[in-house]
Each structure stands twice: as C-alpha cells, then as structure tokens.
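J.: Required output: the full structure, derived from the provided sequences and hints.
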Amino acid sequence: MNAVIESPDRGRALLGAALASLNQVVLGKEREIRLALCCLLARGHLLIEDIPGVGKTTLAHALARVLGLSFQRIQFTSDLLPADIIGVSVYDRDSGGFRFHRGPVFAQLLMADEVNRATPKAQSALLEAMEERQVTVDGETHPLPEPFFVVATQNPSYQVGTFPLPESQVDRFLMRIELGYPAPGHERQLLRGRDRRDLLADLPAALDPAVILALQQRIPGLHASDALLDYVQALARASRDSGRYQAGLSPRAVISLLRAAQAWAFLHGHAGVLPEDLQAVLPAVVGHRLRPRDATDLRTPPLVAAELLQAVPIP
Amino acid sequence: MREVTEPLRRLGWTSAGLLTALGPHYLYLRPWVIAMVLGLCAWRLLAERRGWPLPAAWARGVIALAATAGVAASYRSIAGLEAGTALLALMAGLKLLETRGPRDHIVLIFIGWFLCLAAFLYQQSLPMLAWVLPTVWLLAAALLVVARAPASPLPLAPFRSAGAMLAKAAPLALVLFLFFPRIAGQFWGVPAADRAQSGLDEEMSPGDISELTLNDVVAFRVRFDGEPPPPLQRYWRGPVLTEFDGYTWSRPRNQAYFLPPVSWHGAPVDYTITLEPTGLRLLFALDMVQDWPDAVGWQSWDYQLLARAPINTVIQYRARSYPQYAAGPVLSPALRNRHLQLPPGRNPRSIELARRLRAGAASDADFARRVFERFRAEEFYYTLTPPRLDRDSVDDFLFNTRRGFCGHFASAFTMLMRAAGVPARVVAGYQGGDWNQIGGYLIVRQSHAHAWSEAWLPGRGWTRFDPTAAVAPERVERDLQSALPEEAGVPGRLLRQSALLWQAGMLWDNLQARWNELVVKFDQPAQERLLQSLGFDDPDWRDLALLLAAGLLGAVLLLSAWLAWEFRPRRADPVVADYQRFTRRLARRGIDRGPGEAPRDFAQRVGRLRPDLAAISRAITELYLRLRYLPAPAAADRVHLRGLLRRFHP
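Line by line, the protein sequences are chains Z and V.
Counting in the numbering used here, the first sequence runs without a single skipped number right up to 315 at its last residue.
Counting in the numbering used here, the second sequence runs without a single skipped number right up to 650 at its last residue.
No lab work stands behind these hints, which were simulated from the structure alone.
Note that the structure is a prediction, hence the values are computed from the model and not measured.
The hints are all genuine.
Pairwise CB distance ranges, derived in the manner of DEER restraints:
(1) Ala615(V) / Arg293(Z): 42 to 48 Å
(2) Leu65(V) / Ala311(Z): 58 to 64 Å
(3) Ala615(V) / Tyr181(Z): 34 to 40 Å
(4) Phe180(V) / Glu167(Z): 53 to 59 Å
(5) Val90(Z) / Ala632(V): 54 to 60 Å
(6) Glu167(Z) / Leu172(V): 44 to 50 Å
(7) Ala632(V) / Tyr181(Z): 43 to 49 Å
(8) Leu213(Z) / Gly643(V): 42 to 48 Å
(9) Ala311(Z) / Pro650(V): 25 to 31 Å
Facing chain Z, from chain V, some residues (calculated, C-beta under 10 Å):
(10) Gly596
(11) Tyr629
(12) Leu630
Beta carbons: idealized from backbone N, C-alpha and C, even for Gly.
T.: This is the structure in structure tokens:
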C-alpha cells in the first residue's frame, strides 16, 4: 500500500496490468478503457452513451472485476423508485425500531444501466448520491463506500421511452464516452472467442480498493505548469466568449478537465501534464457540457469538442 | 422583490443620468418645473414596473403644449437661458413618456449632456465642475447600459468601462481645449437678465453697502508684480457718484467732459486683476490708474474705468497705478457747478451747519479737517446695522441717529463739502482685501465694499477724504472685523478667528483663482501667448490648425501605442520563442503547425512528411515539453534545445 504512494511507477505497473486484463475482455476499445480508468482516478463518474449491445455492461462488469471493487447493478426502468436505489427503512419487531436496509447504491462500483429510462425522480436520487457520496434517509446519513464509482449507461436520447438527463445532471458526470461498433477484426475475434461472461468470471483482480484510493490521492498533486493552466483557461474562455455554445464551461467543468488530464498524464507516465494529455481527455470531459447555440447543429458532442480544440491555439 | 427587468434597468440608468444632469439647474429653475420633471420621471418608472400603458400621442401633445404655455407664462419668454433650460428640462421629462427602444434612451442621454453644457452658462466655477464631471461619467455609463443588450452582472461594471473610455478621450479633449480656435468675445457670457446680482451698483442709498458687507463672495482677485501696496493705499476705485437727490447718490447719465489731466509721482504698482462677472460695465483699479488694456475698457472723465461690454464672464486685465498722484489741477466751471449741485430744500440743517463751520475755517482743507474732527469728537458710531434714515438723510444722520456705515459718512461729508462751496463727490469701490499667502495674491470680496469722498482743493486737485477713517481708523488700516465691536455679527468672523479654517479657505480660494486664470480665462490672447511660448512668433489660424492636427494625431498615436502595449502578446517564457523558431523554420518548408496541434502530434506529422527530420524534431519537441510543462526543468535542457535548434535547418 505505502509502496504505491511512494512510488508512482509501481502504481502505474498495476494500472498497466489492469488495462491489459480489460483489453482482453473488451476488444479494440483501448482508448475508451483508458478514459474510463482516468475517470475513476480523477474521482469522477462515467456516462457511457451508445446503442444497446455494444458492450457497455461488459465494460462496467470487467472494470469491477479487474479493479477488485464490489459491484452492484441497477436496471433503470420507468417504474423505478428512489427507495429501489438508496434503500428503505423497515420496522424491526425485535428491536422495536426502524432499521435501514441498504439499497444497491452501497457498492464501490455501481452500474446504472439505461439511466435515461427512469423518471427524473429516480434519476435525481442516484445523481444526488453521486454528488454527495452519501445517502440520507429519515434524517440519518449513511456514507457510501470508498471508492465510489458510478458507471451509468444511456441510450441515445432519440430512442423511444426515455427521459433525457437534464443539463445540470449531465454535468455531474466527469466524462461521457461512446463505445461504437467494433472494428471488423475485433468483431471476428468476438465471434470466434469464448463468451465474454465466462471470461469475466476468470478475470483476476489487478488492483484493490486501497490502491485505488491511494492512486486517487496522487492525481491532484501531479504537476501542471503555468503554461498548461494558461491552455486550460484559454479553452474555458473560448467556450464562454465564442458565442457558439449555449453556455460556456463552468468552473466545475474546468476543474474536472484538469483532473482528468492529470489522471491521463499519470496513466501515461508523464511527470507533468502535457497539452496532448489535455487534448486526449477534452472531448470526453466537455463534449456533453457544451451545446451548440445553433439548434440545427446536430453534430455529436466529440465533434463539438474537437472544433474547440482546433480553434484555440496552445499558448 | 420583483426582478429588475432589462427595460426597467435601462430606464433607471437614464433617469438617474437625467436627474443628475439637471442638478445644477435646480438652483435656477422654478419649483413647478422641477416638480413636474421629477413627477414625470417617477410616473414613468412606476409605469414600467406596473406595466401601465404609456400615454397616447394626443395626450403627450397636450401635456407638451401645457408645459410650453406654463414656461411662457412663468418666464414671460420661451427663449433665453432660464426659460430655455426650463423648456429643455420639461421636454426631457416628457420624452420619458415615449421611451421604448434604445434610441429614445440615447436621445435622453444626449439631452443630459446638453444640460451639463448649459450648467456652465450659469457659472464656470470649480464646484460646478465637480458636479458636472461625475455627471458626464454617469451619463456615459448609462449610454453603455442602454446600448449593450446583455446585462452585465456587476452594477458598477458600466462605470468602469465608461471611466476607461472617458480617460482615453481626455487627451483629445485637452488638445481641443488648447488649440481649438477661440472665438473672440464672450461666447459663454450669456446675459442673464434675472441673474441675482450682488455687488456695487451705480447708485448708493444709505444702507446699500452695509448689506453688501454680509456677502463674502469674491469680487476680484489681484496679483501684484512686486510687493502689494500697504493697506492704507488699497482703495479700489469703482463707480463715482456725483448726482445727489437728498437721499441717493448716483452716476450721471450721458454726461461727457474732457478727462482732466493727472500727474503721477513715486513708484508705480503693476498688477493683474481677475474680475468675477457682474453683468455691469464696471471695472476696478487701484487709485490712481495710469495704464490698462485699451481693448478692455476706457476711462471716463471722473477717472472711473468702464468696460466696453457688460462683464458676463470672468475677465482678466493688467493695470498700472500710482498711489501718489495729483488729479485735475484745474476745474472747469461746468464741472465745478456739477460738483456743487444740491437738491433744493433738502437737508436744511446740514447746509446751515456747513456754512457755519466754513465761516470759521481758514481754507477748504481746514474746513474738511474740522468736519473730520467733528465726526471724531462727537458721538458718531460706526455700525453695520444703522437705523433707517428719513427723506433728508444727512440731517437725520448728523443730528438724530449718528450711527452709520461708510456710506453714511461719505454721503454726509460730501454733502457738507458741497454746502460749503467745495466741489465734492462720493466714490464707491472696495477698500483693503484678504491676502492669500498660499497663492500670493489679494482677494477682494463684496464685504470689502466701501465708500469714500473726493473733494477738489485748489492747488491739489481731486483729493481723497475717507470720513470712515476718522470714525473707525481700524476699518481702513486693517479690516472691517477690527473696526466693529466683538459682539457685532460680522460674517466670516468665525472663519477669520480660526487659523485652520482661514488657511483652508485660502487654499480653496487659491484653487479657484488658478482655475479661473488657467481654464476659465483661457481666451484668444491666452491662446496666442501659449503659441508664442511654443515658438510661433506671429501665430495665426494656420498655426493653430497645424497644432490642432498635430495634437490630435499625437493623442491618437499615444492612445494607439498604449493600446498596443496593453494588448501586446505575452511571451514571458523564452522557451516558447525557441519553439517558435522551430515551427517557423518548418513553416518555411511548407509544414504549418495548426493552432491547436499538440507538439508531439506535430512532431509525428513532421516525421511522416520528412522522415529525415523525424529524430531531431522529436528531440526538440521532447525538450520543449520538458522545459515548458514538466516540473523542475534543468538548465542543461535549455542549452541542449538551443544547440539542436542551431543545427536545425530543414
């Protein structure tokens, strides 16, 4: 444990092993897996948005296995209630009082599947827990386990029967990624290979919660030079002043961007954050937060972010 | 608390600007005008808040007509300074009733600026400036609020922006002030018929001057070239009053005589007078004036300086006087008769007394001395609050009340002289002055107003007699305060007794004097002097145009230079310059780095396009990243980077 804190290389080696294991299960999604790990290291939550069947659940499950985290999964439906997520107080006849039965939210890795299928009431119960990292029921506060990492999946909002997350809720996810269809070669491997569920069962844990907590604590201390902070601020300013977006990046988004870039730099063995680290995470971090002012602009969030990157010179 | 909507916000700013711009006019406008403008303003704000409809065009027309009629009835005119300002203020208030878009607000703000300009028509004093400058600022901020669609979250933000804009415009204003051709004559001096005048007049009744004494307002300021003359010689000659109706002394109208010659003795006194506006043609000079600018005024036969035009603005003139002189050695019979004239049947007891005294005197001079002695020996009192006198004022004063101010004594003395056959007249003016040590000049206030007598003596000509000096010598030798008993209420006594207040007052007066001399009095001759000091020997309008153009160009260049410096590219890190050498050299070979292209991505692209440069580009990029983005960069890296760059010639 202490070794991890003292030596970043040891931590990185462990992360490298975790990445290798994950890549065996989720094929050809190396970049997305790295982003997911970064999100975890930056103490953020992850939103995966894609059509059903591209491996969102498999990725979340694999993460839990490899990272050695306790796993819970909630399938969001339109009749899901907040109590189904956070738990419920039940009268206990023996003790003569109420006893709190913990809901599925009390897990280190919580998978919220198809989060936009539930009503806003149920959604907000989850999102509040994500933000506060604790749950209050009947005036009693129950802290959530550490680390606490939510992987929410969402169907594209144009599908029938969805309640799209409002902007303020989307902002609580550090990153939003898409998985997309696999490349032909990887798809062939999927077709030939073993069932992913069997693979998951065999997956060894490469990390444990204590190591993850230690690594999480390292991230904010990673060197970010003034030149890089200038770049971060230039991006923020451009998002606010250009007039192309409905709203610019909030300070919370700017901090998230830096943390994610620090995590990415750590993962790649950089002693300080480089512009490329920032550029690597930026589409995932800001894509879902910037909405083009022009309502007819139907580009996907990553394209919107790429446009921002092209427009702002690196100072 | 309801939310402040954008139109309400705009209306608030515009109204605040307009009401502030009206500020100086509140002193001059009729109360009903002020009440109506304030009422219109309040109604408009309330209407905006409550969503009331604005009055229809016909209703506005009726109100406008009524307001115009009101001004015409109240001021008996709709032109001129006061009526014009009243009309402008009312129409601005009415304009509020039809403010909808930004354009209406902009019109109102420009009216506000015009009202600022109009305020200077009343007075161009420092307090006025202190009011108008912030008002101009407020109006500029209001214009920003009105013109800019999205609201700024900070309430003071418009002030900051407007202040920055005005500061940038200040050099241009200065250049225009200095070099814009000045119009000869009194552009600002609008004759204000109903402007409250206080000061010496061309008439004097008993009690006039003691009223003036309550007035601490500055009449004029004097800067002497050398030492100022002693207090006893500080007689500032004003209106010379020869006509007497038994009660009031006045200046004769339409009387022209030759100017009796004057011979001067001793050392001259040279000085510059800065005269506050009076609306009259009176100029003041130390007795006896020998030289003054011909353009400013002329001297009448009784040695009084008269201006060529009414003084409606601050004017400044140089003069030379000789405290020792002999004026009018010969008196023509016409003049002698004029100066012996007395109203028939008035003041019989005084005439009787004069004849009796003259019979016992050896000469005219001896007679004057005897009258003086009588004033001194008998119970005459010098007081600021003399009792009212009846029709035969001199009789009443000499035999009943015996209490008087300088005017009473001068009037009585002059009358006695005339009754005894000695030509005499009353001279009104100022005596003394407060010495401002800070600025080194003399302040002559209305409270220094004085009246004395002049009598013509054979062989000596016109000789000054100051009967006040006989009764209250302290008045002439020091000041009014010393001449009156402690308990007498004299304005400014507290001020004079507190050294600190006195000093502060003098400091303030010095500021005002500087303001008058440097800014208000900056006229065509002053502009010419400025040009001469800049090396133009014979300045004319072409030089002025040249300087104006050069000055404006200079101000714009200065501003541009400052802006260029303000928005200069910040390149604090020399490593960036090194890296730019790298990218520039590649750009010359057709490999341009995109603005958002990360250095490593760029290096890779370079490697793909020019495999021969791949290694060195990667090395340079890595060094650059290490120096700029990684912790604790080593000095050796910098040396290495520069070495690589020296060898880098794609």
